[in-house]
Amino acid sequence: MKFRLTFWKAVLIALLAAAAYATVVRFAQGLGRSTNLSDQFPWGLWIGFDVLCGVMLAAGGFTLTAAVHIFNLQRLKPIVRPTVLTAFLGYVLVCVALMFDLGRPYRIWHPLVMRNPHSVMFEVAYCVMLYTSVLALEFSPIVLERFRLERPLKIIRKALIPLVILGVILSTLHQSSLGTLYLIMPNKLHPFWYTPLLPVFFFLSAIAVGLAMTIFESSMSAKHFGRQLELPILQELGRVLLVVLAVYGILRIEDLVHRGVLQQLFAGAYQRYETLLFLLELVLALAAPLALLAFRRVRSSPGGLYLAAVLVVLGFITNRLNVSITGMESSAGLHYIPRWTELAVTGGIIASGFAMFGLAVKYLPIFPADEPLPAREEPQKAVGGNVVGEAIPEHAGD
Amino acid sequence: MSKALLYDATLCIGCKQCEQACAEKNQLPYNETVAGEERQSDHKFTVVLSKGDKFMRRMCMNCQDPACASVCPVGAMHKTAAGPVIYEESRCMGCRYCMVACPFGVPKYEWSKVLPRVQKCTMCADRVQAGKPTACAEACPTGATKFGERDELIKEAEQRLHDNPGKYVNHVYGLTEVGGTSVLMLSSVPFEEFGFPAELTRDPLPLLTYRVLSRIPDFVPLGGILLGGVWWITHRREEVAAAEAQESAEKEARKARKK
Ligand code: SF4
Ligand code: SF4
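Protein sequences, first through last, are from chains A and B. The numbering of the first sequence is our numbering, which starts it at 1 and goes up by one. The numbering of the second sequence is our numbering, which starts it at 1 and goes up by one.
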């Protein structure tokens, strides 16, 4: 196949090149010279975006596998593969980002043998590690099918349900624990965001974002790979998203009222800077998408769903950045603005995510049209040696 | 018994002998420039701050139930029975959660190094172990920084408050803050004016996360059973339907054969 340089490929290559240079700076000169982090502000963009947002954006994996395999919503089945792929790539990239952020990345394995079960970070480390392995296993049938490895394929399919359950438990734990991380700082995190309910909010919003990302991805794939999900599936996702957002919204407002934050806000007790970002978050993540999805017309149109999904994703990215950066600035007594190296690394990580997704879609049977349906629909019949293999149709395009 | 330091700001003359002794003990550079720095850092574990003729020392409080130790995923921070909160560099992977979690903003990082360490006052753990006072207490010419048993120092601090009404802010800082600390402080100037956080809880901070974490062992089996149950129910329906369909088909077939 000939390589054609399109606009997006050029952007990807530029981002990756900048990230490569920033990587050299980071590891040759250390964190001090490659970031704007300081004793007053030890966690910045790499924790706030790459880790907190990264894990959140990959939440579609557990949401959807649970819906399809546990709750038996078979209609959603065609999108399980692209979502599990995104989740797997997401977690791999979170681990890559951690290697940049840790002061001594070569000790990243230390939690395996030096345990402190009282540490939320320890729990997150374990869950992320285990869940990345679970995702790899959940994703493996796609690769195994591609190379027609029957034996491991059969084993994985047998273990699928326990794997999915394990994945859901691990996800529930670490998605909420990323919020628990901040519970120990009641004096540092701004009252807009510090609440004992942080773990609950982080978990609920992860589900919302998981659903929104699935809608978003489907539309993106339609544009760039010419593959799209059927509208009824998207509509179903939109309905669930509406419910999750509504629950989150009610809890969030109740919490704000209960802690007296809204009353204080109207009394003008807070700084402009925090207030603006707080309101921006609430509008993007809650008010706007709820208003959109409340209309049946919007909820049933691909354009409306796409818009709502994008808003939800942007809104909760704002939320994570608010918790990790905006909310910590006043107690630190400074404004943190990432250095170019930090931005370049983050940009490169996002770019490689897109690149890997593109490659996977091209070479592996990810989207519905590629699925070897007979073998997947009746796995119990696939007892004999290579029945599954024979059932796999020639994959177009390889 | 657990050791502690009592710092009485009204006795402090701002000579910074403690700063110098600390630097020597921890093999850090100390000169005019460093003496002028008013911030704790990777090369200055304690600072003597001044406001007019009032002074205040800042350092690691060596909390009784330290947030830094509770959050460290690899247990690099550790409260010793003798009082000091120590740091084991060989475990630390540099996640910097201890820095974010410490309510006093104490742990500092060697940002300029390629392979940095966390740095903080460890209350001269080796000296304390050997039965000696901390370097700063030994160097203090006025007794403003005093080393001793925590219980006895608390009694002494309360006695001083009692004997000199109006001289001090009526509070022993560190007695109850975040569950108590191994550094106790007396001052005539409100502590917040020197950057100490006000309104710290009396509960140790680690409780806040532990309350959530301690539910995990219950959650895991419960979640597993619950999800397994849902799976069983949703898929059972299909099985039943399939079985029924097969049964009725068989009946039909039998009927057909009879005829
Ligand atoms: S003051 Fe901070 S660094 Fe010192 S023991 Fe307490 S939590 Fe740890
Ligand atoms: S930076 Fe080191 S000492 Fe601090 S919490 Fe992380 S691993 Fe523990």
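FYI, nobody ran anything at the bench for these hints, they're computed from the structure. Glycine included, each C-beta is placed from N, C-alpha and C at the ideal position. Check before you lean on any hint, since a few could be wrong.
Unchecked claim - Listed next, the in silico DSSO-like pairs over lysine-lysine satisfying Cα-Cα at most 27 Å (straight line): (1) B:51 to A:188; (2) B:167 to A:188; (3) B:51 to B:167.
Said to hold, decoys possible - Pair by pair, the computed Cβ-Cβ distance ranges are: (4) A:33 to B:35: 36 to 42 Å; (5) A:263 to B:148: 36 to 42 Å; (6) B:235 to A:112: 31 to 37 Å; (7) B:251 to A:152: 37 to 43 Å; (8) B:251 to A:297: 47 to 53 Å; (9) B:193 to A:283: 35 to 41 Å.
Status of the hints after comparison with the structure:
For the hint pairing residue 51 of chain B with residue 188 of chain A, the CA-to-CA distance comes to about 25 Å; that is within 27 Å, so the pair holds. Proposed proximity of residue 167 of chain B and residue 188 of chain A is contradicted: the alpha carbons are some 31 Å apart, above 27 Å. For the hint linking residue 51 of chain B to residue 167 of chain B, the alpha-carbon distance of about 17 Å falls within 27 Å, and the restraint holds. For residue 33 of chain A and residue 35 of chain B, the hinted distance range of 36 to 42 Å is not satisfied, since their beta carbons lie about 26 Å from each other.
Distance hint check: the CB atoms of residue 263 of chain A and residue 148 of chain B are about 47 Å apart, inconsistent with the given range 36 to 42 Å. Restraint check, residue 235 of chain B to residue 112 of chain A: a C-beta distance of roughly 36 Å satisfies the suggested window 31 to 37 Å. Here the CB-CB span from residue 251 of chain B to residue 152 of chain A is close to 42 Å, well matched to the stated 37 to 43 Å. Our hint of 47 to 53 Å for residue 251 of chain B and residue 297 of chain A holds, since their Cβ atoms are close to 49 Å apart.
Separation of residue 193 of chain B from residue 283 of chain A is about 39 Å and conforms to the stated range, judged on CB atoms against 35 to 41 Å.
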